[in-house]
Amino acid sequence: MKKDGVRLSRRSLLSTAAATAAAGAAAPAMGQEAPGQAQAQAPPPRGVTPPSAEQRAAETAPPREARVVGRTGSDYMVDVIKSLDLDYITTNPGSSFRAIHESLINYGGNRQPELLTCLHEEIAVAMCHGYAKAAGKPMGALLHGVVGLTHGSMAIYNAWCDRTPIVMISGNTIDAMARHGATEWNHSTQTDGAIVRDITKWSDQPVSLRGFGESLVRAYGLAVTPPCAPVLVTADKSMQEAPAPDGLPPVRVTRPRPPAADLGALREAARLLARAERPLIIADQLVRDQAGMDALVALAETLQAPVIDRLGRLNMPNTHPLCVSVLYNQSPRATQLAREADVILGLEVWDMWGSLYSEGGAERAITAPGVKIITISTNDLHVTPNVQDFQRYNYADLAITADAQTCLPQLVEEVRRAGGSASGRAARARALAEANRLERAASRRDASYGWDASPISVARLAAELWAKVKDADWVMASDTLFKSRWPQRLWRFEKQHQYLGGSGGQGIGYGGPAAIGAALAHRAQGRLVIGFVGDGDLLYCPQALWTAAHHRIPLLMVVHNNRAYHQEVMHIQRMANRHARGIDRAHIGTTIDNPAIDFAKVAAGMGVWAEGPIADPAALGPAIGRALEVVRRGEPALLDVVCEPR
Amino acid sequence: MTRVVLLVALALSLAAPVRAQTAEDAGASAAERGRALYVRVGCYACHGYAGAGGLSGPRIAPDPLPAPIIIHYLRNPAGAMPAYPASVLEDAAVTDIRAYLATLPRPQPADAIPLLRE
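Residue numbers (my numbering), protein chains in the order written: chain A, 1 to 646; chain B, 1 to 118.
Treat the hints with care, as some may be off.
[As the list claims (entries may be wrong)] List time: in silico EDC-like cross-link candidates among lysine to aspartate or glutamate, alpha-carbon distance up to 16 angstroms: (1) LYS470/A with GLU118/B; (2) LYS468/A with GLU90/B; (3) LYS82/A with GLU114/A; (4) LYS372/A with ASP342/A; (5) LYS82/A with GLU102/A; (6) LYS137/A with ASP289/A.
For the record, the hints were derived by calculation from the structure and aren't laboratory data.
Take these sequences, add in the hints, and give me the full structure.
Shown next as C-alpha cells:
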C-alpha cells in the first residue's frame with residue numbers, strides 16, 4: 001500500500017484498524033435507535049425541511065470510510081501552515097477543507113493561526129488584504145472549492161492590483177471517484193488555480209503531502225516578495241482526510257529579499273537627479289514600513305525635490321513641506337510641477353502615464369520636451385496576459401526593474417555622493433514650503449463652504465472626526481478618494497501606518513472588510529482604526545460587521561452615506577447629457593434610496609453598536625464621541641452619516 | 001392607432017427640455033424651483049448639494065457667476081463638465097438654478113470655525 005511514495009507505517013495502519021473496530025462496537029445494532037436517530041424520526045419543526053431518505057441514510061449509516069485516528073494528512077498540512085507564522089486564517093466554512101478546518105481548531109489548538117469566521121469569501125479575502133497592508137505580513141484564507149473561490153475572486157483581484165500578499169488554500173476533490181454525491185462534483189475542478197490564474201502570482205494543486213508542504217512554503221515566499229500578490233495552494237480533500245504517512249520531512253520557509261537594482265543603474269539615476277534643476281518625485285505603491293517613508297523623505301530632502309504622493313500607500317508625510325497632494329493622479333500644482341520638471345523619478349507608480357499626460361480629450365504630454373524620465377518599480381514583474389492592470393505603456397529614459405523601497409537607501413547615498421547645487425536646492429525648498437503652506441490653508445478655507453449644510457459636507461465630517469481622534473494613535477484604514485481626500489487635506493498623516501491606500505482594483509466591497517482586517521492587525525497595539533466607507537461599498541458585504549463583533553475587533557466604521565452608487569450617477573448623467581434626450585433620470589438604477597437603508601439597524605442586527613442616520617452636522621461631534629467610547633472598550637462601532645456625494 | 005399616438009406622446013415628453021416652471025410648483029419662488037431643478041438635472045452630483053464642490057466638480061456657490069455666463073458655460077463647457085444644451089434645459093431653468101445658488105450662505109472665515117483652526 002503506497003501513498004505519496006511513502007510507505008504507510010505499521011503503526012498508523014494499526015491505529016486506523018483499531019478505530020474502525022471501536023467505531024463498530026459503539027454503533028447500535030441494526031434495528032436499534034441511537035438517541036440522535038430518534039430525533040430525526042420526530043416531526044420536524046415548522047418551516048424545516050425534513051431530511052430526505054438519502055440524507056438520513058448518509059447520516060446514520062455506518063461510515064463508508066474507515067475512521068482515522070492519529071495523524072491525518074490535514075494535521076501535516078496544519079504543521080506546514082504553522083511554519084508560515086500566520087497569526088490568523090479567515091474562512092467561510094466549506095466541506096472541501098473540513099479536515100483542515102478540524103485540524104486547525106483541534107490539532108493546531110486554534111492558535112497561530114487562529115480561525116476567523118467570515119460570512120462570505122469576499123470578506124474572508126478582503127480582510128486578509130487590509131490586514132496584510134497594516135501588519136506588514138500576510139494572513140491566510142481557506143476557500144471552498146469552486147464556489148468559495150469564485151465568491152472570493154473579486155477580493156483576490158483587488159489584492160492582486162494592490163500588490164498585497166495573501167496565502168490562500170482551497171479544498172478540492174481531485175480524484176473523481178472519491179467525490180461523494182452531485183454537490184461534490186459541482187464543487188470540484190481539474191485545478192482550482194485556473195479560476196483565479198490571471199489574478200494570482202502562483203497557484204498549485206499538489207498531489208502528495210510532501211508536495212503540499214513544498215508548494216505552500218514556495219507560495220508564501222512568492223506572495224511576500226515584491227511585487228507581492230495573492231497565491232493559492234489547493235489541498236486535495238482525500239489527502240487531507242487520509243492518515244498521514246510517517247516520516248514526512250518538516251518544511252522551512254525561505255524568506256527572500258526583495259529584488260534590488262544594480263549599482264550602476266542607481267548611480268546613473270542619482271547622477272541625473274543630482275544635476276537636475278527641477279527634479280520631481282512621484283510615489284505610489286511604494287512605502288510599506290516606516291523605514292521606507294524615512295528613506296523617501298531623506299531622498300526628497302537631499303534633492304529638495306517635491307514628492308507627488310499618489311497615495312497608493314502613505315508615502316510622504318502630508319505635512320512635509322516637500323509633499324504635494326493630489327486628488328487622484330493630478331492637480332493644478334502637480335501638473336505645473338510636472339510641466340517644469342527636467343528629471344522625473346517615478347517610484348512604484350502604477351500608472352506613470354496618467355501622471356505625465358493630460359487626461360481626457362486630446363492626448364498631450366504635460367511634460368517639457370527633453371525631460372528625463374526615470375522609473376524604479378516592480379511593474380514589469382507583475383504582468384499577466386489577460387487582465388490589463390498594467391496600464392498605458394510609458395517611455396522611460398531609465399527604467400529600473402527592482403523593488404523601489406529596497407533601492408531607496410542606496411539611491412540616497414548615491415545622490416549625496418553625486419553632489420549638486422546647494423543654493424539651487426535651498427531656493428527650491430523655500431518656494432515649495434510656501435506652496436505647501438498655502439495649499440493647506442486653502443484646504444481649510446474650502447472646508448468652510450457648506451459647513452452647516454445637510455446632507456453633511458464630507459469636509460465637515462472629516463474635521464469632526466479629526467477633532468476626536470487626533471490625540472490618539474489613529475489609522476485611517478479606508479480609501480479616501482471618494483471622500484474628496486478630505487482626511488488628507490485636513491489631518492496630519494505623519495507616520496507610515498496611518499493610511500493604507502485604496503482597494504487596488506477599484507472593485508467595490510473592499511472598504512468594510514479591509515478596514516476590519518487592518519483593525520485586527522492594529523488591535524494588539526491598541527491603535528484606533530477608522531473605516532470610512534461608502535454606503536454602496538459597505539452594502540456588498542455588510543455582514544463583515546458581524547465578524548468584527550464576533551471576534552471583538554475594535555474599530556470605528558463611519559459610513560459616508562450618499563445613498564447612491566454615486567460614481568454611476570455621474571456616469572449616467574454624462575450619458576444623458578451627451579444623448580440629449582432627458583437629463584432628469586440619472587437616479588434610476590443608481591441611487592440607493594426609497595427606502596433609505598438604515599445602517600444603524602443593519603449594524604445592530606450584526607451585534608455592532610451603531611448610531612444614525614445622522615444628517616444634522618451639529619449632532620455629529622457628540623455621536624463620534626459616544627462611538628469612540630465603545631471602540632475604546634474594545635468593540636466595533638458604526639456611525640451612519642448622511643453626506644454630500646463627494 | 002392609440003398606441004402610436006401614445007408612443008409619439010411619450011417620445012415628445014422624453015425629448016422636451018426641463019422647464020423652469022411646471023404646473024405643480026406655480027407658487028414657488030425662483031430659488032425654490034431652482035433648488036429642485038439643481039437636484040433633478042444632476043448639478044448636485046458633481047458640485048454637491050451646497051455647491052461647495054469636491055472631487056468631481058468645482059465650487060459654484062455662493063456668489064454664483066452671472067446667469068448669462070452660466071448659461072453660456074452650460075451650453076459650451078470647457079473641460080470635464082457635460083454640456084446642457086437648450087434642448088434639454090431651458091434658459092429660464094438655469095436662471096432659477098442660479099437663483100438657488102445665490103441663496104446659499106457665505107461661510108465664516110476658516111479661522112472663525114474652531115475645528116478648522118490650525
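Verification of the supplied hints:
For the given pair, LYS470/A sits about 12 angstroms from GLU118/B by alpha-carbon distance, which is consistent with the 16 angstroms threshold. At most 16 angstroms may separate the alpha-carbon atoms for a hinted pair to count; LYS468/A and GLU90/B exceed this at roughly 47 angstroms. As the CA atoms of LYS82/A and GLU114/A are separated by approximately 10 angstroms, the hinted pair is consistent with the 16 angstroms bound. Using a Cα cut-off of 16 angstroms, the hinted pair LYS372/A and ASP342/A holds, with the two alpha carbons roughly 6 angstroms apart.
The hinted pair formed by LYS82/A and GLU102/A meets the criterion: a straight-line CA distance of about 14 angstroms does not exceed 16 angstroms. In summary, the hint linking LYS137/A to ASP289/A is supported, as the alpha carbons are separated by about 11 angstroms, within the 16 angstroms threshold.
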